[in-house]
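Chains as they are written, first to last, in my numbering: chain A, 1 to 421; chain B, 1 to 201.
Do not rely on the hints blindly, as some may be mistaken.
Restricting the straight-line Cα-Cα distance to at most 25 Å, the calculated cross-link-like pairs of lysine-lysine (DSS-like) are [as the list claims (entries may be wrong)]:
hint, chain 1, residue 1, chain 2, residue 2
1, B, 109, A, 366
2, B, 85, A, 381
3, B, 95, A, 366
Label-pair restraints from in silico Cβ distances [what the hints assert, rightly or not]:
hint, chain 1, residue 1, chain 2, residue 2, range
4, B, 120, A, 171, 33 to 43 Å
5, A, 350, B, 45, 25 to 35 Å
6, A, 199, B, 39, 20 to 30 Å
7, A, 171, B, 79, 24 to 34 Å
8, A, 364, B, 155, 30 to 40 Å
9, A, 199, B, 152, 32 to 42 Å
Read the hints as simulated data drawn from the structure, not as lab findings. Note that this is a predicted model, so its numbers are computed, not measured. Quick reminder that beta carbons are idealized off the backbone N, C-alpha and C, glycines included.
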Amino acid sequence: MSGHSTYVPRTAIGKWFEARLPIVRLLHDTAVSYPTPRNLNALWTFGGILAMMLVVQIVTGIVLAMHYAAESHVAFRSVEGIMRDVNWGWLIRYLHANGASMFFIAVYVHIFRGLYYGSYKAPREILWILGVIIYLLMMAAAFMGYVLPWGQMSFWGATVITNFFTALPIVGQPIQTLLIGGFSVDNATLNRFYSLHYLLPFLIAGVVVLHIWALHVVGQNNPLGIDVKNDKDTVPFTPFATSKDAMWMVLFLIFYAWFVFYQPNFLGHPDNYIEANPLATPAHIVPEWYFLPFYAILRAIDFNLGPIDSKLGGVLAMFGAIAVLAFLPWLDTSKVRSGRFRPIFKVAFWLFGLNALFLGFLGSVKTDDIIMGMQAVVWAKLSTLYYFLYFLVILPLLGYIEKPRPLPVSINDAILAKSAH
Amino acid sequence: MPIGGGRPARKEAILAESDTPAEPTRRDFLLHAAGAFGVVGVAAAAWPFVDQMNPDASTRALASVEVDISGVQPGQAVTVMWRGKPVVIRNRTEKEIEEGKAVKLEDLKDPLSRNANGGPEDDASDANRAAAGKENILVMTKVCTHLGCIPLDESGEFGGWFCPCHGSQYDTAGRIRKGPAPENLPIPPYAFISDTKIRIG
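One chain only, chain A, in its complex shape (with noise of 0.2 Å):
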């Protein structure tokens, strides 16, 4: 798909340059030169948006770094020293702070695109899974930089956090111990979440790199989902997707300036003002929003089955949901990618947006308040089967029952039917 290369070297400097080391052509290739399909829709820009907020949080992150101490002792004292002392650290924590939550909003934007659109389908596989991989160090990123302020909800949520480890059966106890470095979440385990705080963004880079590169030999799916079959289907990246990057760029930060300066704390928890105490455990304990769904989930299974507790199956619950999504190329058995031309698979996936919506309502509210008329914990089965009913059941089903409206010829063929009326 990327076909041969058509950078030429032209000064001097550039020609000495390519034969060492050729790296302006693989820039030029890249993110010049590149064919994109020529019918991307603005969905299609919340890669490059990923991108950005990756640099924004390793920026704001460096930055904050140099400020803050990891120690269990003054950590929630050099937060509040960034917030009222050091020069513009306000807002350097409020950009990393909403950043996370802008990251997520991406993300989720980003994945549903690629679940509509089929992105996932052959022959982009790996492209799939390696945004899984992102997905989940993303979390793991975001998880840990929560714990760093050191507040009630940091420390509540890292010691409900690191006990789900104790559901598995003999190795649980142990690994848990070898997580948090003691008997209780304290300084130890401050001091390796902020290592590995620091460390993660620059995985995440590292598998975005590879990301971009499967992404780059089968090159990119569109809104009709079709393959691209000659030049007539593509224009290059510069100046077309490159303007129209920078353009739903924009318009996000506005976006995510909006919340930095005019709600900065609106996503956050009040409680996490309160510094740690590990006597008290604060009267409602909730995630962050982008963990919610997983969160209703995990409290959805209140009950054995068989051998396994409630323990163990709600964290397996939680975590199977995250791992199925690594097994959907194959799930998803209807040779027809874009859901434009899939009239029953657009309703269920419809549903399962929805769905996943609900879902996150459910894990903000406590398990035992009464949502239209039943326990929310109720609702939140009936929301877990439906997630898992659609990858598992739906999606391997539709591909045999359900019969897709004609697909186009090609992507220009489309484009000039559509122009003509």
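For chain A, the structure is supplied; the task is to place chain B on it using the hints.
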């Protein structure tokens, strides 16, 4: 197929060994022995980097705390820290003791006493949970067995402890009765060093 049989053997190796080329050569042996040694060496070198994350001896040392409970009246409790975790010592009221005794063992989600001072198979009767010879004293690690939150005293449907995180409920003997937690609140090793003093650990 012999070890490394798919590999073209070098001429001198064949000559040095024997006339049957199917036999593994000395070179094959050295290659595999070196490989195995390398794997063990890498694993041995990696272990310190894994084990450094475990609690060190200063953390692991079984620190013990002594608590004077002479001021704890019936219906009161003190919470002390032991190994970074809260331990509650409760002087139970007559009513709490009666409630604890009235529970039938088959109604319990976790039938074991979880008492470090008793046998691992002891049942979770009220007598096995309370201090030996002092049925009003209950000493427990106040850490929910679900995901490690701190349950609240004197609350929940069973008059014992209630965990605010995921709604686990414990009775007046600290036994799990309702909610996602799988086990009774654990009882740490402790001993009475006088009538009013307890050493935990």
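Structure-based check of each hint:
With a C-alpha separation of about 23 Å, the suggested pair residue 109 (chain B) and residue 366 (chain A) falls inside the 25 Å cut-off, and the hint holds. The hinted pair formed by residue 85 (chain B) and residue 381 (chain A) fails the criterion: a straight-line CA distance of about 33 Å is larger than 25 Å. Of the pairs offered as hints, the one joining residue 95 (chain B) and residue 366 (chain A) is violated, with about 31 Å between alpha carbons and a cut-off of 25 Å exceeded. In this structure, residue 120 (chain B) and residue 171 (chain A) break the distance hint of 33 to 43 Å, their C-beta atoms being roughly 19 Å apart.
In this structure the supplied range 25 to 35 Å is violated for residue 350 (chain A) paired with residue 45 (chain B), their Cβ-Cβ distance being about 53 Å. One distance hint, 20 to 30 Å for the beta-carbon pair residue 199 (chain A) and residue 39 (chain B), holds here, with the actual separation near 26 Å. Under the hint 24 to 34 Å, the C-beta atoms of residue 171 (chain A) and residue 79 (chain B), about 31 Å apart, fit the expected range. For residue 364 (chain A) paired with residue 155 (chain B), a C-beta distance near 23 Å fails the hint of 30 to 40 Å.
Checked against the hint of 32 to 42 Å, the C-beta distance between residue 199 (chain A) and residue 152 (chain B) comes to roughly 38 Å, which is consistent with it.
The structure does not agree with the numbered hints 2, 3, 4, 5, 8 stated previously, though it agrees with the rest.
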